[in-house]
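> Work out the full structure: start from the sequences and follow the hints.
Sequence order for the protein chains is A and B. Start counting the first sequence at 1; every next residue gets the next number (my numbering). Start counting the second sequence at 1; every next residue gets the next number (my numbering).
None of these hints come from the bench; they were simulated from the model. Just so it is clear, CB atoms sit at the ideal spot from N, CA and C, and this is done for glycine as well. Keep in mind that a hint or two might mislead.
Claimed, not checked - What follows is a set of in silico ranges between Cβ atoms, one per label pair, in the way DEER data are often shown:
1. B/SER437 <-> A/ARG348: 40 to 46 Å
2. A/VAL676 <-> B/LEU80: 49 to 55 Å
3. A/GLU683 <-> B/LEU80: 17 to 23 Å
4. B/SER238 <-> A/ASP663: 37 to 43 Å
5. B/ARG237 <-> A/SER695: 37 to 43 Å
6. B/LEU80 <-> A/ASP663: 32 to 38 Å
7. B/GLU431 <-> A/GLU593: 33 to 39 Å
8. A/PRO559 <-> B/ALA164: 54 to 60 Å
As the list claims (entries may be wrong) - No farther apart than 20 Å at their CA atoms in a straight line, the calculated lysine to any residue pairs in the SDA-like style are these:
9. A/LYS823 <-> B/GLN66
10. B/LYS210 <-> B/ALA198
11. B/LYS199 <-> B/ARG213
12. B/LYS199 <-> B/ASP59
13. A/LYS529 <-> A/TRP510
14. A/LYS338 <-> A/THR453
15. A/LYS338 <-> A/LEU109
16. B/LYS25 <-> A/ALA658
17. A/LYS800 <-> A/LEU743
18. A/LYS338 <-> B/HIS391
19. A/LYS329 <-> A/TYR377
20. A/LYS830 <-> A/GLY509
21. B/LYS25 <-> A/ASP663
22. B/LYS25 <-> B/THR39
23. A/LYS338 <-> A/TYR377
24. A/LYS329 <-> A/ALA314
25. B/LYS25 <-> B/ASP59
26. B/LYS25 <-> B/ARG110
27. A/LYS792 <-> A/SER832
28. A/LYS823 <-> B/ALA64
29. B/LYS25 <-> A/ARG660
30. A/LYS823 <-> B/ASP61
31. A/LYS830 <-> B/GLN66
32. A/LYS140 <-> A/ARG151
Said to hold, decoys possible - Just a few of them, taken from the derived set where beta-carbon distance is under 7 Å, the chain B residues facing chain A:
33. VAL126
34. PRO129
35. GLU152
36. THR155
37. TRP165
38. TRP202
39. SER323
40. ALA324
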Amino acid sequence: MSADAAPSERVLEVPDLSLVVLVGASGSGKSTFAAQHFGPFEVVSSDHCRGLVADDVDDQAATADAFDVLHHIAGVRLRRGNLTVVDATNVQADARRQLVALAREHDVLPVAVVLDLPERVCLERNAARPDRDFGAHVVKRHRDALRRSLRSLRREGFRTVHVLSSVEEVAAARVVRTPLRSDLRDQHGPFDVVGDVHGCRSELETLLGELGYALTRDEQGRPVDAVHPQGRRAVFLGDLVDRGPDSPGVLRLVMGMVEAGHALAVPGNHEAKLVRALDGRDVSVTHGLETTLAQIAAIEDDDERREFRERVRAFADGLVSHLVLDGGKLVVAHAGLKESYHNRASGRVRSFALYGDTTGESDEFGLPVRLDWARDYRGRATVLYGHVPTPELEWVNGTLCLDTGVVFGGALSALRWPERESVQVPAEAVHYEPVRPLVADRPVRDDDDLALTDVVSPDGAGRGVETRLAGRVAVAAEQAAGALEVMSRFAVDPHLLWYLPATMAPAGGWADAPDLLEHPQAAFEAYRKAGVTDLLCEEKHMGSRAVVLVSRSRDGLAPWSSTGGVVHTRTGRSFFGDELTLALLDGVRAAAERAGLWDELCGGAAGGGGGEQWLLLDAELLPWSAKAEELLRGQYAAVGAAARAALPAAVVVLEQAAARGQDVGALLERTRQREVDAAAFTEAYRRYVWPTGVSEGRLDGVQLAPFQVLAAGTAGGALTFGDRDHGWHLSVADRLVGADPQLFRTTRRLRVDAADAASCGAGTSWWTDLTAAGGEGMVVKPFAGAALRGPKGVVQPGTKVRGAEYLRLVYGPGYAADLERLKQRQVGRKRSLALREHALGVESLARLADGEPLWRVHEAVFAVLALESEPVDPRL
Amino acid sequence: MLLTISAEASPAMPTASDLGFLLHKHPDRAQSTEVFGGTAHVLWPEADGHRATAALLLDVDTAALQRSRGRRETPEAFALADHVNDRPYVASSLLAVALGKVFRTALAGRCDARPELPGAALPLEVGVPSLVSRGGAALVERLFSPLGWDVEARTQPLDPLVPAWGESRVVGVRLRGTLRLADALAQLYVLLPVLDDAKHYWVSADEVDKLVRAGGDWLPAHPDRELVMTRYLRHQRSLVRDAVARLDDTEGLPLDDTETGGPATTDDGRTTPLAVLRREAVLAVLREAGAASVVDLGCGEGGLVRELLRDPHLTRVVGADVSARELDRAARRIGTDRLPDTVAARLELLQTSATYRDDRLAGVDAVVLVEVVEHLDPPRLPALERSVFAHARPRTVVVTTPNAEHNVRYPGLAAGAFRHPDHRFEWTRAEFAAWASQVAERRGYAVVVRPVGQDDDEVGPPTQMAVFTRRETSEGAA
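Structural data, given as structure tokens:
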């Protein structure tokens, strides 16, 4: 606003998101004006568009195409929320009609700025420009059309019209951008958002009391204001009136709070109707309006009644249909609001905010059929709303309906923001009989189902997932298409799939040990260079990576799981069928119970009873053959069998040939070496095979080696432990091992100081002993934990250093002969992939802990699978 | 990787070491040749007047093989087979190609030094200590015996220390017979990759030329010629047809044999394949319902889509599948690039998933799920229910699935086993009816269940089909 405007100034207020339409004859100085007051990209000029399509800014034959382009550019800018100025003559009503329609289509306000300058000025200016050689008649025609238009601009739909009638006025003009009335992003609360009150004054008084407000009463004892000692403010979601016992009392209190700055309010459909009734318009006095009107009419004192009616009318009429609060993180509207309407202004935005997304049909109770906008909501802002009474508060995709039907005998609800804690006060009575039963008959939940567009782009474009650790992680469309089948047909239910482990980067080689592809010293050095020296070496188990989600009771994750959790692989598949999964999870449950982990780890999370507590563990499941038997048989054993059949025969043939004097020495030697390699390869894979009862439906022989607590929580909330060091994580694992040493397996470990040569040497010896004894190798991790950001950015959460024998299973039996080439492998790519997947994994857990909707968690989980997927052509 | 050819002295070739003349290799010298994938060595472990043995040893260079596959764009896990594979140890197409190159002249039946030898049948012995046979030792016997070989074939256990794993596909083979050397070489050249059912290169039309050249003399009379041609030509039907014509086989090929199309499941006493009966049943339902647009959700290779396109009442046919690879196959089978514009305009193939809701499926008249639900884990069925019945919400939904009770009528199917390894469950009639009526109830549909195939008095039909019709009231709307 411009109270301080100098007298010589002419202030032009323009909403900061609007379509500004310049209107003026050729030569009136529109382009100059636009350049002075708006940014270069904000102005879209018809001359420029003519040039774009026809290489000639004056080619009148290209006008239609030029305006096509102009409307398109303006439309895209408005959709993206950018103020746009149209620099064209716009003296014809039809040209302006199209622009008003464009503004409405994008729910922004159209503003007209008219440069109504004398004809003489326009002619002089045109004469001074060599490229404007059209005659005076053109300017005159523009001027005539403009004069005819001036009166009708508001009727055409322009909400703001500024007319500048002289060169002096134009020179004195200053454009001031004003925020939309809905835009209260600078107000950060904290707030207490209150659902539909419907005249239930007594319950409202109780609720405000519970929320910590102190009521102020007038001389008659009626509450007229409420103040919170910490300066919190209430936000009323509308439908203050109708049906309940004391609508005037509620209005008196809320109006007092709003006027005193202790509350904000948005209107409900009942306030809208009340305004029309108070205006004396013809409305049907039903759905509780009759009670409000009767209660107002019952105010005995004539003056007071008249004054009250006036005050209510002015208050309700002045409410803005939705508010955007707290830096854009919170949106309130009576009936909710879809994302594209946030901070927009149009008739349909208001209508959506008041009445919701209705189909125009009615249901069997005569009530409007509502489209479930919340199910489709994918916005980042939390939307709080009321309007539809629901039996319980239930978050749906980051939206929450706070109307719990107090007037129908339910409860009056509020949500503390930003704490997200709910406070409820039960109804004192059934004040009004509901038309439709309040207890919704909802056998299946459809609200949080996933849309295909949450994970893939059907138009073949790539996607990106914003992560707090590493920014935007791009996912190619080809890879998402490849992951779709795995996720749909093989992975566990997304409601239980909260995390997929990232791939892990391997260590490089070390000059002192040229016959090793991966060496501990290389891992230590890499971390040292990244500024991290406190390291933990963990034994790399000879099993399969397993993510264990387990609830304290068997039905703790119902209805999604009948086994009280899942044990899934790196690609989200369940390791076992229901029976074995249940047996395995029962074992984990019992061990966690004995170890006393449940309350300790889950206790800090909000809400939920003991049975609903759950743990999410990162672990290794052994033996490898329990999951990968098919790979072991079909790939490893098959190679071993072929080598056993071929190589001895080849050696015999070569020996005979050599005996006959043929020169086969080098080949014979190489073939003998291959025989040795193949035998060693067979030995290597056999270490991963040990008998289990899995094929007979028993768990004996199966072990879990947990090494990280990913998250813990209850039905009401989750905690992550990325900030705990690995010493803590392994201490939790040790307690599980202590509780059930048969099911759980310990992870051997050694702490290494990468800055200390002796310590690094000890780490190397530890690894050498481990692998010499047949071990797979180790993983080196920053001791401080997984979510660590080192002094130079995100650090690899782990680096694997695998033993020479194990690597035969990765690079083939005789990879040592090819070592020099293998050393050139592109570890950089793998490291980058590991970091991106790690960022996504941390992200999915953080979103879970933030109570974000399923699609947000799933988006990150799916992206990990996509990055691990073979690309396929998504355009089909 | 290793193949030996031995010849005994015989009236046609009194000096066994003359095998060197026939093979164009000196019997006292080792020779080596660079071939694709490594180095081919020809050695002579024995060569005297009585018996001579030439050994072809292919020293496979795994690194070179990996390079030839080009740089992989995928993470390590998917490239595992590049590093860990049996190619260096078995007589595969790599060896066959090496044989064709190293013994080219012998294969052609030319020997300028001993012109009488190529035409003579000689007592030969061929040893292949390690080959891969999809079909085991029995298939080796089946393929070589009819050609006059005495076959000795021994399978190799997968791992002698893990007896539970059983036999591998690796077979050690010894063949004895009196044949012309060129024929023996040609048979090995063709049959080694046929046994393996794999080739290291992409097969194109000139592969038919090679087959005609190498097999023209013996293949037409071979009792398993269909299998040989199909596998040799990598199951490409058009190439097989071409080869058949050129080998002058007037009988033609039954292309739906086990090698190409999978067994045509027939319903008892009738010869129409069940898949055809299912399509007919679905088409009949769509006609009854008067549907003009239909989504075949889980269209696979597009068999039904092709039928749907033939029905002019269907103005929009959408083939949808979760697998991009299947859609690719469907596009080829339907021949999308050859369709007339008017037909192409009615067809859409798109990748989607029954467990995610997809706006592109909304607004069609009918969605059909033919043998799809049983490929989803039961916990995912509610998601499928939501996306089809609540979100797409067509007037008609058709679901077909196997009737588990009928499985006892398949003699080849073990008790309790499923019809397909990917089936997650198979429902009895009661189970299917219960699921269908619950879905109908929840989603505001009427449902009838019909039999497809012969309705057995005792165990019911092989396939069961539920036809859902949306109730035209607003209740039950999602």
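> It remains to establish, for every hint, whether it holds in the given structure.
Consistency of the hints with the structure:
1. With their beta carbons about 41 Å apart, B/SER437 and A/ARG348 fall inside the hinted range of 40 to 46 Å.
2. In this structure the hint that A/VAL676 and B/LEU80 lie 49 to 55 Å apart at CB is violated, the actual value being about 22 Å.
3. Taken as a hint, the range 17 to 23 Å holds for the pair A/GLU683 and B/LEU80, whose Cβ atoms sit roughly 19 Å apart.
4. For B/SER238 paired with A/ASP663, a C-beta distance near 48 Å fails the hint of 37 to 43 Å.
5. Hint check: B/ARG237 to A/SER695, Cβ distance near 39 Å, so the stated range 37 to 43 Å holds.
6. Checked against the hint of 32 to 38 Å, the pair B/LEU80 and A/ASP663 passes, with Cβ atoms roughly 36 Å apart.
7. A hinted range of 33 to 39 Å for the beta carbons of B/GLU431 and A/GLU593 is consistent with their spacing of about 36 Å.
8. Remark: the range hint 54 to 60 Å for A/PRO559 to B/ALA164 is contradicted by a beta-carbon distance near 39 Å.
9. Proximity of A/LYS823 to B/GLN66 is assessed by CA-CA distance (about 15 Å); at most 20 Å being required, the pair is judged to hold.
10. For a cut-off of 20 Å, the pair hint linking B/LYS210 to B/ALA198 stands: about 16 Å separates their Cα positions.
11. The straight-line distance between the Cα atoms of B/LYS199 and B/ARG213 is roughly 18 Å, inside the 20 Å bound, and the hint therefore holds.
12. Straight-line distance between C-alpha atoms of B/LYS199 and B/ASP59 comes to about 18 Å, which keeps the hinted pair within the 20 Å bound.
13. Under the criterion of a C-alpha separation no larger than 20 Å, the hint pairing A/LYS529 with A/TRP510 is consistent with the structure, at around 15 Å.
14. Among the hinted pairs, A/LYS338 with A/THR453 is consistent with the structure: their alpha-carbon atoms are about 17 Å apart, no more than 20 Å.
15. The suggested pairing of A/LYS338 with A/LEU109 holds, with an alpha-carbon distance near 18 Å, which does not exceed 20 Å.
16. Between B/LYS25 and A/ALA658 the CA atoms are separated by roughly 17 Å; this keeps the pair inside 20 Å, and the hint holds.
17. Simply put, A/LYS800 and A/LEU743 have alpha-carbon atoms about 25 Å apart, too far for the 20 Å limit, and the pair is violated.
18. Restraint check: the Cα-Cα separation between A/LYS338 and B/HIS391 comes to about 19 Å, which is no more than 20 Å; the hinted pair holds.
19. For the given pair, A/LYS329 sits about 14 Å from A/TYR377 by alpha-carbon distance, which is consistent with the 20 Å threshold.
20. Straight-line distance between C-alpha atoms of A/LYS830 and A/GLY509 comes to about 15 Å, which keeps the hinted pair within the 20 Å bound.
21. The hinted pair formed by B/LYS25 and A/ASP663 meets the criterion: a straight-line CA distance of about 15 Å does not exceed 20 Å.
22. Of the supplied pair hints, the one linking B/LYS25 and B/THR39 holds, its CA atoms being roughly 16 Å apart against a limit of 20 Å.
23. For the hint linking A/LYS338 to A/TYR377, the alpha-carbon distance of about 6 Å falls within 20 Å, and the restraint holds.
24. Taking the CA atoms of A/LYS329 and A/ALA314, the gap is about 29 Å. The hint is violated against a cut of 20 Å.
25. With a CA separation close to 18 Å, the supplied pair B/LYS25 and B/ASP59 stays within the 20 Å bound.
26. Distance restraint check for B/LYS25 and B/ARG110: the Cα-Cα separation of roughly 13 Å lies within the 20 Å cut-off, and the hinted pair is therefore satisfied.
27. A threshold of 20 Å between alpha carbons decides the hint, and for A/LYS792 with A/SER832 the separation of about 15 Å falls inside it, so the pair holds.
28. Taking the CA atoms of A/LYS823 and B/ALA64, the gap is near 16 Å; set against the 20 Å cutoff, the hint holds.
29. Only pairs whose Cα atoms come within 20 Å are accepted, and B/LYS25 paired with A/ARG660 is accepted, the gap being roughly 15 Å.
30. Proposed proximity of A/LYS823 and B/ASP61 is supported: the alpha carbons are some 17 Å apart, at most 20 Å.
31. About 18 Å separates the Cα atoms of A/LYS830 and B/GLN66, which keeps this hinted pair within 20 Å; it holds.
32. With a C-alpha separation of about 18 Å, the suggested pairing of A/LYS140 with A/ARG151 holds against the 20 Å cut-off.
33. Among the interface hints, the one on B/VAL126 is violated; its C-beta lies about 13 Å from the nearest C-beta in chain A, farther than the 7 Å criterion.
34. With its C-beta approaching chain A no nearer than about 4 Å, B/PRO129 sits inside the 7 Å limit, and its interface hint holds.
35. Interface restraint check for B/GLU152: the shortest CB-CB distance to chain A comes to about 14 Å, outside 7 Å, so the restraint is violated.
36. Interface hint status for B/THR155: violated, as the beta-carbon distance to the closest one in chain A is roughly 9 Å, over 7 Å.
37. Because the smallest distance between the Cβ of B/TRP165 and any Cβ of chain A comes to about 5 Å, under 7 Å, the interface hint for this residue holds.
38. With a least beta-carbon distance of about 18 Å to chain A, the hint placing B/TRP202 at the interface is violated under the 7 Å criterion.
39. Among the interface hints, the one on B/SER323 holds; its C-beta lies about 5 Å from the nearest C-beta in chain A, closer than the 7 Å criterion.
40. Against a cut-off of 7 Å between C-beta atoms, the interface hint on B/ALA324 holds, since the closest Cβ of chain A lies about 4 Å away.
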